[in-house]
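Chains as they are written, first to last, in numbering that gives the first Met the number 0: chain A, 0 to 396; chain B, 0 to 396.
Incorrect hints may appear among the rest.
For chains that are exact copies, the list does not tell them apart, and a pair is met inside one copy or across any two.
Listed below are the simulated SDA-like cross-link pairs for lysine to any residue, each with C-alpha atoms no more than 20 Å apart in a straight line [unchecked claim]: (1) 108 with 23; (2) 329 with 242; (3) 310 with 389; (4) 284 with 228; (5) 269 with 229; (6) 371 with 270; (7) 235 with 42; (8) 235 with 213; (9) 188 with 239; (10) 326 with 33; (11) 188 with 368; (12) 316 with 53; (13) 35 with 245; (14) 346 with 25; (15) 326 with 245.
Simulated from the structure, these hints should not be mistaken for lab results.
Here is how the chains run, residue by residue.
Protein chains: 2
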Amino acid sequence: MNNSIAVIGLGAAGLPLAAVIASNNMNVIGVDINSKKCDLINHGVNPLPDEPGLQNLIKKYGGGRLKASTNYSDAANCTVYIIIVPLFIDENHLPDYNHLHEAVKNIGKILKRGDVIVVETTVPPYTTETLIRKWLEEESNLKLGDFYLACSPERIMTGYSISRLKDFPKVVGGVDKESGLKAYNIYKKFIPNIKLVSSARVAEFIKIIEGCYRDVNIALANELFKIASILQVDFKEAREYANHAYCNIHQPSTGVGGHCIPYYPWFLIKEAERRGFYDYFRLLKTAREINDEMVYYWIKIILENCLKINKPLTQVKICVNGITFRKGVKNTHYSRNMKIAEILKEKGFNVYVSDELLSKKEIETLGFHYLKPEAADLIFDSFNLEVKINPNPSLDD
Amino acid sequence: MNNSIAVIGLGAAGLPLAAVIASNNMNVIGVDINSKKCDLINHGVNPLPDEPGLQNLIKKYGGGRLKASTNYSDAANCTVYIIIVPLFIDENHLPDYNHLHEAVKNIGKILKRGDVIVVETTVPPYTTETLIRKWLEEESNLKLGDFYLACSPERIMTGYSISRLKDFPKVVGGVDKESGLKAYNIYKKFIPNIKLVSSARVAEFIKIIEGCYRDVNIALANELFKIASILQVDFKEAREYANHAYCNIHQPSTGVGGHCIPYYPWFLIKEAERRGFYDYFRLLKTAREINDEMVYYWIKIILENCLKINKPLTQVKICVNGITFRKGVKNTHYSRNMKIAEILKEKGFNVYVSDELLSKKEIETLGFHYLKPEAADLIFDSFNLEVKINPNPSLDD
């Protein structure tokens, strides 16, 4: 298939993008390491059923204009390569480039003169112009100018992916001027609200600071929530009336989970640290710490409530209700709610888990005991931040 | 004059409020320590010419429905007392209650059974229900219940005061239920968008956290601006494209000045500190520090640019252009721009000041030498965050 677009990575961000491109009258080859997922897509079956609007697109284009494969050679005739594989951080908060490096090497092997590569994965500043360019040049024996390289970070939000691609502002920037323009003209065909920015680095930075805004504002909400509690002020009421056109105090929480926001501040912190600017990331780091430490705050609140129950502490049945990283998203990646259950378990408490999106079996696979909330002595409703003592627990069945 | 409303404090927040009340068909006695200001108002002359819409109101009602006086006895027949005097913080970041205590004592002396007192001054949580109540009871020999006490923090923004009173959401909460309701029913007559909240303490807290939101988000903008500078990213461009419906990265600056935002975080920091929760204000304190330290960042940038000028460092004519705390507001209270000029002066640099809102004489009264920017070797344009080297300074006149 000629002149088609390859989308490397068919995850929560990549698959919706591939489907939207296909729906804009283009041929798409999706490449993913998961062969089962590729089979489903090629049979018109949507592997992400919770993503509104995706079902229809996969049914219509899967196996037709949108073909999935585990094999990069199936994408060898493409002229555009969009990379949208995950990038995690390791235990030292440094980016783990494994998936990205692997994807870029494989693209390098099939790269041809005139091809355009666009990085959608959220990466630290300079990644596109240094690492990605280097890996592509090494593997392809081509030079930048033979191929074009740009960055257009995905702005997907799980559960809103299709609508975000249709309405939401998105940016693209090239490692050189021609790359930016080429990528922009391609993206215009399927992203109505695409803006060309001055460089790949600015595009990278834009995505990261969005995440930093969210992380810092969630930390602010958490800090104000804690202060409200010691001042005996109803934070929910205060927040409702404090917010207006110029004030957007976020929701407090058990912290920030998922694949995105908890990682992005580290991209900047580590870049500043490497350059010796140890004083340039105090707010970002403090916010990260506050959000990550919220699990201990909630454990303290849970245990303070356990004291009100007339049972030996280790016999109090505690149920953490809701362990996905966000309400309504069936994903426990870096979930702080799950972390609360883990810590309580490690400490030897009698902790159970329930979750409206997870079956008993799925909960057990994650290493927890399931209990329906009604059967617990104490329920921590993680999404509502409510600790409820249950005076008459029902029998467990 | 019976059944009229007293407004205690005719400053930037109090006078617009008094004028708006008068414009809603009510009689107002404004009390202020500044007799010259009172005279102007009584002659229909507006002492705050930069406040759009105020001019007309003072002309129409000054000396008529709105009378100003330095004497609390002129407000003795009022039934409602609105306190809107300044509250500063001292060098230990603790509230300086002097003005407020004085105002409350004077109200206490003329307080009558059934009167309603509303605190508009932004105060730390618990101030209305503890200090203000105590001071009123001590001075009046009445008890809460004989009088009614509520808090409705002003939400004025200098330059937008009249429109804010007309459109903007405002809250009021009582120290008891009846006080809240009484104050709400009075405020409904002149504040269209007034909401009754559950307590005076919540009302106090709401105003403070709005300020904290601003301070933390300005600190975030300043931190991201500094990181962008070391990564050679154009922050202005990045910010423009990062912001959308769910992202509101603020403008970077030389810090936060004025009477409001730099104070409010301390109200919460000190309350948490007093209660021993030393870990509950890390983000608020870090944000304060980052904003306050921006003056040193800009001094560093100014001096780095001085090195490019081929003159002995102490002979380089530096002009800080813009020293009010915010663009367009003729006020230098806690101005960080002025602080930059002060520090450069203290360090022995050849520093000058200019400001579109201040005359040469006014600048000299503040302790600086005036210079038109064109005559300087280096201009720091504080509101645009631009350092400009001037290769051909004009002669000073």
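Results of checking the hints against the structure:
In this homomeric assembly, residue 108 and residue 23 never come within 20 Å of each other (Cα to Cα): the closest approach is 28 Å inside a single copy and 76 Å across copies. In the homo-oligomer, the alpha carbons of residue 329 and residue 242 never lie at most 20 Å apart, since the shortest distance is 30 Å inside one protomer and 28 Å across protomers. In this assembly of identical chains, the alpha carbons of residue 310 and residue 389 lie at most 20 Å apart only when taken from the same copy (13 Å versus 78 Å across copies). In the homo-oligomer, the alpha carbons of residue 284 and residue 228 lie at most 20 Å apart only across protomers (18 Å), although the nearest pairing inside one protomer, at 24 Å, exceeds that limit.
For the homomeric pair residue 269 and residue 229, the shortest alpha-carbon distance between copies (12 Å) is at most 20 Å, but the shortest distance inside one copy (34 Å) is not. In this homomeric assembly, residue 371 and residue 270 never come within 20 Å of each other (Cα to Cα): the closest approach is 46 Å inside a single copy and 40 Å across copies. Taking the closest pair of Cα atoms, residue 235 and residue 42 never come within 20 Å of each other, the shortest separation being 47 Å inside a single copy and 47 Å across copies. Taking the shortest Cα distances, residue 235 and residue 213 sit within 20 Å of each other both inside one copy (19 Å) and across copies (19 Å).
Taking the shortest Cα distances, residue 188 and residue 239 never come within 20 Å of each other, neither inside one copy (41 Å) nor across copies (23 Å). For the identical chains of this complex, residue 326 and residue 33 are neighbours neither inside a copy (26 Å) nor across copies (57 Å), given an alpha-carbon limit of 20 Å. For the identical chains of this complex, residue 188 and residue 368 are neighbours neither inside a copy (49 Å) nor across copies (59 Å), given an alpha-carbon limit of 20 Å. Taking the shortest alpha-carbon separations for residue 316 and residue 53, neither the intra-copy value of 40 Å nor the inter-copy value of 63 Å comes in at or below 20 Å.
In this assembly of identical chains, residue 35 and residue 245 lie within 20 Å of each other by CA distance neither inside one copy nor across copies; the values are 48 Å within and 35 Å between. Taking the shortest Cα distances, residue 346 and residue 25 never come within 20 Å of each other, neither inside one copy (54 Å) nor across copies (65 Å). In this assembly of identical chains, residue 326 and residue 245 lie within 20 Å of each other by CA distance solely across copies; the values are 18 Å between and 27 Å within a copy.
Hint compliance for this structure: hints 1, 2, 6, 7, 9, 10, 11, 12, 13, 14 are not met, and every other hint is.
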